[in-house]
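Asker: Sequence:
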Amino acid sequence: MIILGLDPGLGTTGWGLIRAEGNRLSHLANGRLKTDPQAPLPRRLAHLDAMVAALVADHAPQAAACEEVFVNANAQSTLKLGQARGVLLCAAARAGLDVGEYAPSIVKKAVVGTGAAEKAQVHAMVARLLPGVKIDGADAADALAVAICHAHHMASARRGIG
Numbered sequence: 055m056i057i058l059g060l061d062p063g064l065g066t067t068g069w070g071l072i073r074a075e076g077n078r079l080s081h082l083a084n085g086r087l088k089t090d091p092q093a094p095l096p097r098r099l100a101h102l103d104a105m106v107a108a109l110v111a112d113h114a115p116q117a118a119a120c121e122e123v124f125v126n127a128n129a130q131s132t133l134k135l136g137q138a139r140g141v142l143l144c145a146a147a148r149a150g151l152d153v154g155e156y157a158p159s160i161v162k163k164a165v166v167g168t169g170a171a172e173k174a175q176v177h178a179m180v181a182r183l184l185p186g187v188k189i190d191g192a193d194a195a196d197a198l199a200v201a202i203c204h205a206h207h208m209a210s211a212r213r214g215i216g
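Residue numbers (the numbering used here): 55 to 216.
Rather than coming from a laboratory, the hints here were simulated on the basis of the structure.
Heads up, some of the hints might be wrong.
[What the hints assert, rightly or not] List of simulated lysine-lysine pairs, DSS-like, C-alpha gap at most 27 Å:
hint, residue 1, residue 2
1, K134, K173
2, K88, K134
3, K88, K173
4, K173, K188
5, K88, K188
[Stated by the list, open to error] Simulated restraints on C-beta separations:
hint, residue 1, residue 2, range
6, F124, A174, 13 to 21 Å
7, R73, A178, 20 to 28 Å
8, A157, K88, 23 to 31 Å
9, Q92, S159, 30 to 38 Å
The model shown is predicted, which means the values in this text are computed figures rather than measured ones.
Ideal Cβ positions, reconstructed from N, Cα and C, are used throughout, including at glycine.
Could you put the whole structure together from the sequences, leaning on the hints where they help?
Answerer: If you want it as structure tokens, here you go:
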């Protein structure tokens, strides 16, 4: 099964594709989707939608997973992040994908073993779990972590755990 992991952001959205075969995970691709900060918000959201649609068309994932929004001190930033996340969820759902949603602490626990892990620890464990991977920045590492988390949760559900 191919899983698309998404780390939402209006300026930069991280994405990562993995293949899950039983307990074996392998890296397929990763990167960042960027929007123009000078463009009006509706155009940025439409561009994000088009980029996700192109990713899905190019790689044909069978499932997707997206990190949940955490609340920033800046309410405006949180709102924009939520709007970008909504576009990602809609684009994946429109493509017919089932979408898992995970809190950052759940993703960290699934990948590192503790929900309080630092970003560097997540990045290091993603590199260890996907040997030979070349990660395109922290956003892509987070997206790969979301995909890995989803793979673990799907495997647990198949075994009747959790």
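Asker: Which hints, by number, does the structure contradict?
Answerer: No hint contradicted; all consistent.
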